[in-house]
Amino acid sequence: MPKAPLFDVKGNRLGEVELPDAVFGIEPNEYAVHDA
Numbered sequence: 001m002p003k004a005p006l007f008d009v010k011g012n013r014l015g016e017v018e019l020p021d022a023v024f025g026i027e028p029n030e031y032a033v034h035d036a
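When you line the sequence shown up against my numbering, it's residues 1 to 36, in that order.
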C-alpha cells in the first residue's frame, strides 16, 4: 500500500498515512495522462 507523509499545520512531520491501493496503487495510463 502506498504511503504519504503527514504534517501538522506548522509543517512538523507527524508520521505517515497509508493510501488505498484502489486509488493510488495503480499504474498510470500514460496515453490518458498526455491526452488530458
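No wet-lab data here; the hints were simulated from the structure.
Possibly wrong hints are sitting among the right ones.
Have a look at the derived ranges for each label pair, beta carbon to beta carbon [what the hints assert, rightly or not]:
no.: 1; residue 1: Val9; residue 2: Glu30; range: 20 to 30 Å
no.: 2; residue 1: Asn12; residue 2: His34; range: 16 to 26 Å
no.: 3; residue 1: Lys10; residue 2: Ala32; range: 35 to 45 Å
no.: 4; residue 1: Gly11; residue 2: Asp35; range: 31 to 41 Å
no.: 5; residue 1: Pro2; residue 2: His34; range: 30 to 40 Å
no.: 6; residue 1: Tyr31; residue 2: Val9; range: 17 to 27 Å
no.: 7; residue 1: Asp8; residue 2: Asn29; range: 26 to 36 Å
no.: 8; residue 1: Ala4; residue 2: Ala32; range: 17 to 27 Å
no.: 9; residue 1: Leu14; residue 2: His34; range: 29 to 39 Å
no.: 10; residue 1: Asp35; residue 2: Asn12; range: 32 to 42 Å
no.: 11; residue 1: Ala4; residue 2: Asn29; range: 34 to 44 Å
no.: 12; residue 1: Asn29; residue 2: Lys3; range: 20 to 30 Å
no.: 13; residue 1: Pro2; residue 2: Ala32; range: 16 to 26 Å
no.: 14; residue 1: Ala32; residue 2: Asn12; range: 35 to 45 Å
All C-beta atoms, glycine included, are put in the ideal place defined by N, C-alpha and C.
Exercise. Range hint 17 to 27 Å: satisfied by the CB atoms of Ala4 and Ala32?
Worked result: holds (22 Å)
Exercise. Can the suggested window of 20 to 30 Å be confirmed for the beta-carbon pair Asn29 and Lys3?
Worked result: With a Cβ separation near 23 Å, Asn29 and Lys3 satisfy 20 to 30 Å, so the hint holds.
For this session: Hint says 31 to 41 Å; check whether the CB-CB distance for Gly11 and Asp35 agrees.
Result: With a Cβ separation near 36 Å, Gly11 and Asp35 satisfy 31 to 41 Å, so the hint holds.
Exercise. Measuring from beta carbon to beta carbon, are Leu14 and His34 in 29 to 39 Å?
Worked result: holds (35 Å)
Exercise. For the pair Asp35 and Asn12, does the Cβ-Cβ distance stay inside 32 to 42 Å?
Worked result: holds (39 Å)
Exercise. Between Val9 and Glu30, is the Cβ distance one that fits in 20 to 30 Å?
Worked result: violated (36 Å)
For this session: For Tyr31 and Val9, compare the CB-CB distance with the range 17 to 27 Å and indicate the outcome.
Result: violated (39 Å)
Exercise. Using the C-beta atoms of Pro2 and Ala32, is the stated range 16 to 26 Å upheld?
Worked result: Holds: the Cβ-Cβ distance is about 19 Å, inside 16 to 26 Å.
Exercise. For the pair Asn12 and His34, does the Cβ-Cβ distance stay inside 16 to 26 Å?
Worked result: Violated: the Cβ-Cβ distance is about 37 Å, outside 16 to 26 Å.
Problem set entry | Distance restraint evaluation - Asp8, Asn29, Cβ atoms, bounds 26 to 36 Å | holds (35 Å)
For this session: Check the following: the C-beta atoms of Ala32 and Asn12 are separated by a distance inside 35 to 45 Å.
Result: With a Cβ separation near 37 Å, Ala32 and Asn12 satisfy 35 to 45 Å, so the hint holds.
Exercise. Is the gap between the beta carbons of Ala4 and Asn29 within 34 to 44 Å?
Worked result: Violated, at about 21 Å.
The earlier numbered hints that this structure contradicts are 1, 2, 5, 6, 11.
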